[in-house]
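Asker: Listed below are the residues making up each chain.
There are 2 protein chains.
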Amino acid sequence: MSGNRFVIIGGDAAGMSAAGMAKRRRPDMEIEVYEMGDYTSYGACGMPYYIANYFEDLNDLVVVTPHEFRENRGLKVFMRHRVEKINPDDKTIDVKDLDTGRTRTVFYDDLLIATGAEPIIPGEFNLDMEGVFALRGLPDAASIKDFATRPDVNEALVVGTGYIGLEMIEALKEAGLTVRAIELAERVAPTFEEEISTEISEELSRNGIEVLLNVKAQKVERSESAWLSVTLSNGETLTTDMIVVGAGVRPRTKLAEAAGVELGVRKAVKVDRRQRTSIDRIWAAGDCCEAYHRLTGVNAYIPLALGANRQGKVAGSNVAGIDAEFPGVLGTAICKVFDLGVARTGLGLKEAEHAGLDALTVKITGNSKPHYYPGAAPITTLLIIEKNTEKVFGVQMIGHGSAIKRIDTWAACLAGGFTLQEINDLDLAYAPPFSPVWDPVLIAAEVAKKTLK
Amino acid sequence: MSGNRFVIIGGDAAGMSAAGMAKRRRPDMEIEVYEMGDYTSYGACGMPYYIANYFEDLNDLVVVTPHEFRENRGLKVFMRHRVEKINPDDKTIDVKDLDTGRTRTVFYDDLLIATGAEPIIPGEFNLDMEGVFALRGLPDAASIKDFATRPDVNEALVVGTGYIGLEMIEALKEAGLTVRAIELAERVAPTFEEEISTEISEELSRNGIEVLLNVKAQKVERSESAWLSVTLSNGETLTTDMIVVGAGVRPRTKLAEAAGVELGVRKAVKVDRRQRTSIDRIWAAGDCCEAYHRLTGVNAYIPLALGANRQGKVAGSNVAGIDAEFPGVLGTAICKVFDLGVARTGLGLKEAEHAGLDALTVKITGNSKPHYYPGAAPITTLLIIEKNTEKVFGVQMIGHGSAIKRIDTWAACLAGGFTLQEINDLDLAYAPPFSPVWDPVLIAAEVAKKTLK
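Top line first, the protein sequences correspond to chains A and B.
Just so we're aligned, residue 1320 is where the first sequence starts under our numbering, counting upward by one.
Just so we're aligned, residue 1320 is where the second sequence starts under our numbering, counting upward by one.
Derived from the structure by calculation, the hints contain no laboratory data.
Among the clues, some could well be false.
Identical copies look the same in the list; a pair holds intra-copy or inter-copy alike.
As the list claims (entries may be wrong) - The list that follows gives simulated cross-link-like pairs (lysine-lysine, BS3-like), each with its CA atoms no further than 27 Å apart:
(1) K1669 with K1769
(2) K1538 with K1682
(3) K1410 with K1682
(4) K1589 with K1573
(5) K1768 with K1342
(6) K1342 with K1772
(7) K1769 with K1342
(8) K1573 with K1710
(9) K1682 with K1586
(10) K1710 with K1682
(11) K1404 with K1768
(12) K1535 with K1404
(13) K1492 with K1706
(14) K1669 with K1706
Only a predicted model underlies this, so the values are computations on that prediction, with no experimental measurement involved.
Generate coordinates for the entire structure from the input sequences, incorporating the hints supplied.
Answerer: Pasting the structure below:
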């Protein structure tokens, strides 16, 4: 039997989804959300497009304001309240009101840790230095846009070329700057297979982006000729006006760890599919915790928005006494890189091998539309296939714009455990404005099947 | 054991797919294709976009020329050769060379009927009358475009608002004409559910297209004020400069019927999933024959390009001695209507009820992208659901442009027999340029699930 007081640490996707779900399931429940920042439930993934000036009002990213939550949903949301400590034995938390500076103790029956993730900031970057930024939240988005549009700011350096790095490269370029990037790995977007990375590189080049590979920053200083001077690991020095660090994220778990909650993959909070942690009545959801992977059957750390929302709903439902289980992730993700979209679902080759599969990759190029139709453009599909079952365990795609949303068709195929033959047999939609007769999904499955023979 | 001579009647999608597949499987086979027209293997679905002037060279629609087939693929393709008669007892066909007027007899071991479909031309329309057209093949596309661009041609009337009617309405409008349409049924695109038809109507209105419903033409005459005068079944008379009949198609089966080949659904050639007809060693594929429906398990008449290509390959493989079975269709189709795309897969409500399902429809409106991202637009999804299993048996969508290619994700779900819950659990791709966090596919499944409760 669940208790009556549900306390949530963190007011973004996972936390607010949990709050909303619990309230719907059990309207009588007392639900309190403590958020250390100034915003709840905002579309963080939209920040690069605000910086790119695709829209002007940052408030458009706020899905539900704290006021709306309080008024319409019967939840208590405390903004600018930082949880300092979890006391599992007492079932309390210590909360500091950042405006008054006072700390109080709050009792819970159930506690959800939804503290999210934080950008990894290598030691050589000091976010207090003028011109050095990371994208932690809405205030950062505002600061970056303000700084990027200063008349004396012309050049930017983006650190990292993962999803956020790529989006920031495009955003700053769209904001009118000359953009360079540095990447620690030997290729851009290293979570993709090499063939896809190569095509991303080409698109960056076409858009005048210089990327330095196999390199990291060692020292950042004020410069005389520009704002900043960066000494690189290869001995070179470059100057730039601003730096945006997009070097990945890690789960924000200090609170959980200090409370004795067990951590798992990549030091994310260890959870089961009901979102339970190692401590009774303490739950976790979102980017601070692991996510069950549908293909491997084990937990991974894949901090993405849809999974966070879902985990929040699952936790909220369970807390309210209605059993729910997280269906798991496939690691489906998509990212715009100038005119292209790049997307993936399922496992990469190394992940597949690590999961014990005898896998291989096949790369196939198809066309988004018939050659005669305006806007027809190539789509590259890379499949990761288990040899003996001919089942697809991973897909990576790159091609023009929205054509890449075809990754969802692949995600459905992976969820269904379809073989190449079953995929090749699908009845997909054809008309010249949308696709060739044999859609690239069908072509990819057919070519891969022939390759395996 | 299959014989050595494979004769194919009809050189379009199904016929040429069969020829190519048989040749690959058994390079020693003698393959002859008899095509009564001037073109083989052309992209018929591209014709409206040629008329709309999206591209200029009609030859771009020809996928493989007869010359290329002869030279590179080792097939004999006879153009402008009309098969007059099939003689199953002798295993011969009588073929007339339309240029010389001579008829000869050709022996076969296996015969494929791939005679396609032909537009239904109601009796009141005489295609020999100047200004009256139907879209039977490339020469018609050329004639329609030539006529539509004459300086003295300003208005067009399209008869029928199915896929071809809708595409022709747009094409003629894009060609600069004022376009009206008449539809026999009480709503446009009557193979869609009413809610979808309504949105198609609205898009036609927004583009200045007047559609007269519940009406048919009764008489077409030369006019003095314009080119043509049309008397309608409601007693009204309207004038127009040109008429394009897009009132659906029917299987072209006179040859088959005369040979004693059994006909089935809508008088299409009856076939099994290996594409065998009722007569031994006579096969059929493409728009002249039935297609196995994956959801009902029985044959339907759904003449679409992908199925035709597939049936051709299946027939060719079987003739070459390698067993193959047609996987079946879901009736997946997509059509551009000005700024919108409209698509479907699976069964309509009546089809579902006819198949014995206790079904209902749920209509859901979602967004193609987050509200703040440029180009975000609503997507309407209508689901046909079997009540007791909560499985989706049909999906119809309408919304802006390529966002509607999401129908393929649904087609994969239908092929997998997924329940609403399984669909709602899919890990689909999210980034603001491509989708909201909860893709319209997920939203539709979730809302439908709640509606069923």
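Asker: If a hint holds in the structure, say so; if it does not, say that too.
Answerer: These are the hints, each one checked on the structure:
Only within a single protomer do K1669 and K1769 lie at most 27 Å apart by alpha-carbon distance; the minimum there is 23 Å, versus 40 Å between protomers. For the homomeric pair K1538 and K1682, neither the shortest alpha-carbon distance inside one copy (40 Å) nor that between copies (58 Å) is at most 27 Å. Within a single copy, K1410 and K1682 get their C-alpha atoms no closer than 54 Å, and across copies no closer than 45 Å, so neither meets the 27 Å cut-off. Within a single copy, K1589 and K1573 get their C-alpha atoms as close as 13 Å, which meets the 27 Å cut-off; across copies the closest is 69 Å, which misses it.
Taking CA atoms no more than 27 Å apart as the test, K1768 paired with K1342 passes between copies only; the shortest distance there is 19 Å, against 49 Å inside one copy. Only between protomers do K1342 and K1772 lie at most 27 Å apart by alpha-carbon distance; the minimum there is 19 Å, versus 55 Å within a single protomer. For the homomeric pair K1769 and K1342, the shortest alpha-carbon distance between copies (16 Å) is at most 27 Å, but the shortest distance inside one copy (53 Å) is not. With identical chains, the CA atoms of K1573 and K1710 are never at most 27 Å apart, being 40 Å at best within one copy and 44 Å at best between copies.
For a Cα distance limit of 27 Å, the shortest separation of K1682 from K1586 qualifies neither inside one copy, at 34 Å, nor across copies, at 43 Å. In the homo-oligomer, the alpha carbons of K1710 and K1682 lie at most 27 Å apart inside one protomer (15 Å), although the nearest pairing across protomers, at 34 Å, exceeds that limit. In this assembly of identical chains, the alpha carbons of K1404 and K1768 never lie at most 27 Å apart, being 55 Å within a copy and 40 Å across copies at closest. Proximity of K1535 and K1404 under a CA criterion of 27 Å is satisfied in neither setting, with 36 Å inside one chain copy and 77 Å between copies.
For the homomeric pair K1492 and K1706, neither the shortest alpha-carbon distance inside one copy (42 Å) nor that between copies (51 Å) is at most 27 Å. Taking the shortest alpha-carbon separations for K1669 and K1706, only the intra-copy value of 15 Å comes in at or below 27 Å, while the best inter-copy value is 43 Å.
Of the numbered hints listed earlier, those contradicted by the structure are 2, 3, 8, 9, 11, 12 and 13.
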